[in-house]
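There are 2 protein chains.
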Amino acid sequence: MTQTKTRQWRLARRPVGMAQEADFTLAEADLTAPREGEALVRTIYLSVDPYMRGRISEGPSYASPVPIGGVMVGGTVGQVLASRDPDIKDGDLVVGYWGWQDHAVVKARGLTKLDPKDAPISTAVGVLGMPGRTAYFGLLDVGLPRPGDTVFVSGAAGAVGATVGQIARITGCTAVGSAGGGAKIAYLKEIGFDGTLDYKAENDLRAALDRACPKGIDVYFDNVGGALTDAVLERINLGARVVICGQIAGYNERGKEQGPRNLWQLIVKRARIQGMLVSDFDHRADEANTRLRQWIREGRIKYRETVVDGLENAPKAFIGLFTGANIGKQLVRVGPDPTR
Amino acid sequence: MTQTKTRQWRLARRPVGMAQEADFTLAEADLTAPREGEALVRTIYLSVDPYMRGRISEGPSYASPVPIGGVMVGGTVGQVLASRDPDIKDGDLVVGYWGWQDHAVVKARGLTKLDPKDAPISTAVGVLGMPGRTAYFGLLDVGLPRPGDTVFVSGAAGAVGATVGQIARITGCTAVGSAGGGAKIAYLKEIGFDGTLDYKAENDLRAALDRACPKGIDVYFDNVGGALTDAVLERINLGARVVICGQIAGYNERGKEQGPRNLWQLIVKRARIQGMLVSDFDHRADEANTRLRQWIREGRIKYRETVVDGLENAPKAFIGLFTGANIGKQLVRVGPDPTR
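Order-wise, the sequence lines are chains A and B. Just so we're aligned, residue 1 is where the first sequence starts under our numbering, counting upward by one. Just so we're aligned, residue 1 is where the second sequence starts under our numbering, counting upward by one.
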């Protein structure tokens, strides 16, 4: 084995409020030689996602937090350098979950082989990966959209939100998305959103929502939370479904964000708010991926990637998710992509 | 027609904050003679219910508000004095919705005949009326309880909450209820709640919930809202269902009550919060009434009534709902009950 070291980002301390680069440490670690059923991989793309903010907090969540000193978790696309598993060959392109490091020795059964003729390999952590499946199951299984519904998506220019809006249109719905800034709004229009709301340009979210969603809101796919959700809940239609996918507005809050207690609206509208986590739908991943791949081939789903180069820039790319730096899927390119 | 006058409570002004007696005016009005298809009725029992607070506010709700000067709405049990409808006879005991007045001329098809051999006629606005059906459909159709679940009910000593807890037990669940004060807690124990929480006696709602619901909460049937709901949402189990039936803690708030924005918990627990309104289940009223009547006969559902005498005391009885004056169903006895 020629590669005996890996550079890896470890969690240095739990962030207080907004995550900072100093919350992470770049370190070098020795690699063990792959044992039976393991493979040495090099990282090509590292995915950074808003959910990771929850994984570095102490608080109760759906998974135990990354320990202090632990390697940061994350979806990864890479290439096999040395395999000791019969199903994985040297040179194979794979998607896995080995985190913020440039090399790793991993269990081969945690890897899924990728065919670059199928789709660009980076999409395995984007529109054909966790974010795409989140959009697919969150909208279709939890949001239960009906043709003619108005589907309002917050964080619509992100990897999940952009896909939600396009699936909503495929379902026969009117898709309205919110995002911050002219470039993102232009992107939403480019990928076919029927309406948009630039929350950074609006002083009055309520009035802006009324203009953007003149027929009210039947499905609210929420990646953001906070004041926008307060305003949406006053504009939902009878029987509306609110999908809580993310609450990025609050992820870097120090205490508990305060807002109006507005559950009365759910009685008025006999509506529901439901939280979703994509891993609950892992047993149906093939269904989502097959359809998403077809919709991409047909040009009905478009996607965009924002790529930052260099493992050293992973914390910066991660923090940028919370300041709105990315359009579409945020990736860190850690090593050369042999297919491009 | 011997009776030509009615005394009626009219809405004098929209309450600001806590409703007051001065928000209502007692007035006398002339009765018209019943026309074809109408009947003159005298009121025996008037139901006062928390939902009426929403009906006298300006804000958007599920029904248009009582106009200033209009007769206060409400469920009523009474006796027919003069009928001009073939299906309704003089002397019949009926339940209807003619509001806060001692006599009324009403459409006969808005009346349902009561058989006092079946159940005390007052139950037609209580456990066999709107509150009973709210408990039945809210718990079973929206809360979806499974045997073994912990069902936590707020406002558990009220007409709805007490019935919810007992249906939860019939369903094989553990029923835990919250109420304020020793008399109500004793009542909850008497009717079979497995656990109780006296919110007036507890300084730390979170610790009290942990003690009362050691296995967490699978179904939260919420009549109250506010700080108790904030605490419950941190204690729900995976896949929990929260039924928003009422939010009495906030009904007399002047502005919008503030609280933590805690929808993140719904992702962590893949839980849902759903609002319910009993009128959506009106087409299945017979189903609920048949089963509730049977459970009462079998002694599996008990109920209690708090009765105030005299139409003149209707505002006081109504306001008492918000200060916790009632155990079980709050009624105003407006005229003699010939069956007791």
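Just so you know, these hints were derived from the structure itself, not from any lab. No residue lacks a Cβ here, since even glycine has one placed at the ideal position from N, Cα and C. A few of these clues could be false.
Pulled from the structure, derived: some chain A residues nowhere near chain B, Cβ distances all over 10 angstroms [stated by the list, open to error]:
1) PRO60
2) GLY180
3) GLY250
4) VAL268
Okay, the calculated beta carbon distance ranges per label pair [stated by the list, open to error]:
5) B/THR112 to A/GLY299: 41 to 47 angstroms
6) A/GLY59 to B/PHE322: 17 to 23 angstroms
7) B/LEU238 to A/LYS215: 44 to 50 angstroms
8) B/PRO67 to A/ASN252: 46 to 52 angstroms
9) A/GLY148 to B/ASP118: 43 to 49 angstroms
Each hint, compared with the structure:
1. PRO60: violated (7 angstroms)
2. GLY180: A/GLY180 clear of chain B: closest Cβ-Cβ about 19 angstroms, beyond 10 angstroms.
3. GLY250: Violated, since 6 angstroms does not exceed 10 angstroms.
4. VAL268: The claim breaks: A/VAL268 does not keep its Cβ more than 10 angstroms from every Cβ of chain B (closest is about 5 angstroms).
5. B/THR112 to A/GLY299: 41 to 47 angstroms: The hinted range 41 to 47 angstroms is violated for B/THR112 and A/GLY299, with Cβ atoms some 59 angstroms apart.
6. A/GLY59 to B/PHE322: 17 to 23 angstroms: Given a distance of about 35 angstroms, which is not inside 17 to 23 angstroms, the answer is violated.
7. B/LEU238 to A/LYS215: 44 to 50 angstroms: violated (35 angstroms)
8. B/PRO67 to A/ASN252: 46 to 52 angstroms: holds (48 angstroms)
9. A/GLY148 to B/ASP118: 43 to 49 angstroms: For A/GLY148 and B/ASP118 the Cβ distance comes to about 45 angstroms; the hint holds.
Hints 1, 3, 4, 5, 6 and 7 from the list above are not met by this structure, while the remaining hints are.
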